[in-house]
Structure formats: C-alpha cells, structure tokens
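**Student:** One letter stands for each residue in the lines below.
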Amino acid sequence: MTELTCDELDALLPELFDGRLSPEVESASLRHLATCDQCRIVVGDLERVGEMYREHGRLTLPDDARARIRAILEQG
Amino acid sequence: MTTAPQPSIVALFERLADGVYTLAARMTRDRHAAEDIVQETFLRALTRLHTWRGEGSIDAWVYRIAYHQSIAVLRRRRDEPTDPATIRDLVTDPEGSAERRVLTMELAARLDAAIGALAPTLRAAFVLRDVEGLSTRDVASALELSESAVKMRLKRARLALRRELEDYL
Ligand SMILES: [Zn+2]
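Sequence lines, in order, name chains X and B. Here my numbering is used: position 70 in the first sequence is 70, and no number is missing along the way. Here my numbering is used: position 123 in the second sequence is 123, and no number is missing along the way.
Check before you lean on any hint, since a few could be wrong.
[Unchecked claim] Only part of the chain X face toward chain B is listed, based on derived beta-carbon distances under 10 Å:
| # | residue |
| --- | --- |
| 1 | Gly19 |
| 2 | Leu21 |
| 3 | Leu73 |
Derived from the structure by calculation, the hints contain no laboratory data. These figures come from a predicted structure and were not determined experimentally. Heads up, the beta-carbon is just placed ideally off N, CA and C, and yes, glycines get one too.
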C-alpha cells in the first residue's frame, strides 16, 4: 500500500490503538510513525494528557464532608 | 482456604476518600452529589464488607460501588430536566503565587471541561487509570470490563482529550 500522510495517520489513530486496522494498513501506520517526528509527537501527547491529569486532575474531599462521613462510619 | 483480613472501614475511608470523591465528582460534575456518593459508597462498603471474599483488590471493590452510584445519579438526572445550577464548578483554589494560581485555575477549568465532555464510560476508565493510577486490572474489576476493553477506552479518552487540550501540550 502507498505511504500514509500525517492527516491520514491521525484519522486512523483510534483504530490503530484498538487494533482494528487490517495488517497492511497497520504496518503502513507503524512505518509512518517510525519515520515521522511530527506524528510521534502526537502520540507522545497522549502520554502527556495522562500526566497533566495526574498532576492537576485529582480532587480533594472537602474537610467538612470528610469529618461528617468519618463520624458516621466511626459510629458504624 | 485463607480468609483475607478485613480492613477497618475507617482506614479504607482515609485511604480512598479522595479517589472515590474524584471519580464521583468527575462522573457527576456536581460536588454535592459527589459528597453524597462518597458517604453512600462507604456506608454500603461497611454493610457489605463481610461479603468481600478477598478476591481481587479491595480498592477496586470500593470503586465499583462508587461507579454504580455515579451511574445511578447520571441515569436519574437524564429523567429530570437539567438544572444548570447543579453543574457546579469543580475547580478548587490552588496554592502558590497569584500568577501561578491564575494559570493553574485556567488549566484546571480546561481539564474539567475536557473530561466532562467525554462519554461517562470513557470518563470512568480514564479517571481510575490515569488520574487515580489504578492498575488496568483493578480498573477492569471496578468497571466490570475486560482489560482490553479498559485499554481501548483509555486510548479513546486520551485521543478525545488531546483534541480539547491541544494548546497546552
Ligand atoms: Zn506524520
């Protein structure tokens, strides 16, 4: 199969990750990723998304709710 | 057959309260509903702790209760007209310099909006795996899915989030 463009690869990413591409299209995708810095950055972004949420996405149970619920549980 | 020692409910609460709250708040996008879910989750865990057989992780077992509660809230809400006042801002005041706070608040608001736009099933997998750092196996157990289904949802969630957060990457 002919080589993929960056836009074509981008459109194929969900299927690539799900393992739903035909073997030919999958190997063309991997070939593209191996040679294209720009698309490797895109895939790296996905790791970064996870990191951003690990860093900023956690929430803390407010203190008043924490105290109230702990008291209920301690009465158990 | 050995019986796993039963952890105390208060110890379990201390360890998992923030994680359960994060899951519930991210799922419902409503702080008060999330606080109710935390309370209900640990009360249910307390009454059912004797039924936990020590198979799999107890964290996943607690998250499963919280996930079911969150889905129930979303389902009830679908049957009611949406009151915009129930969609409350989840952003909390970050610490640090004023400048850093503005940046962090802005980013936090974007993160909130982006995650809120995900389908609830993707959101749950993403929060448990990427935010709370559970193993894929525990996420699968909490959401009653196969591990490969969890991995699939995670990737889909990250792809969708990347689109929303492009300027920050
Ligand atoms: Zn490319």
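**Student:** All the hints need checking, so say for each whether the structure fits it.
**Tutor:** Hint by hint, here is what the structure shows:
Taking 10 Å as the C-beta cut-off, the interface hint given for X:Gly19 holds, the closest approach to chain B being about 8 Å. The closest approach between the C-beta of X:Leu21 and any C-beta of chain B is roughly 13 Å, which is over the 10 Å cut-off, so the hint fails. A cut of 10 Å between beta carbons decides the hint on X:Leu73: the least distance to chain B is about 5 Å, and the hint holds.
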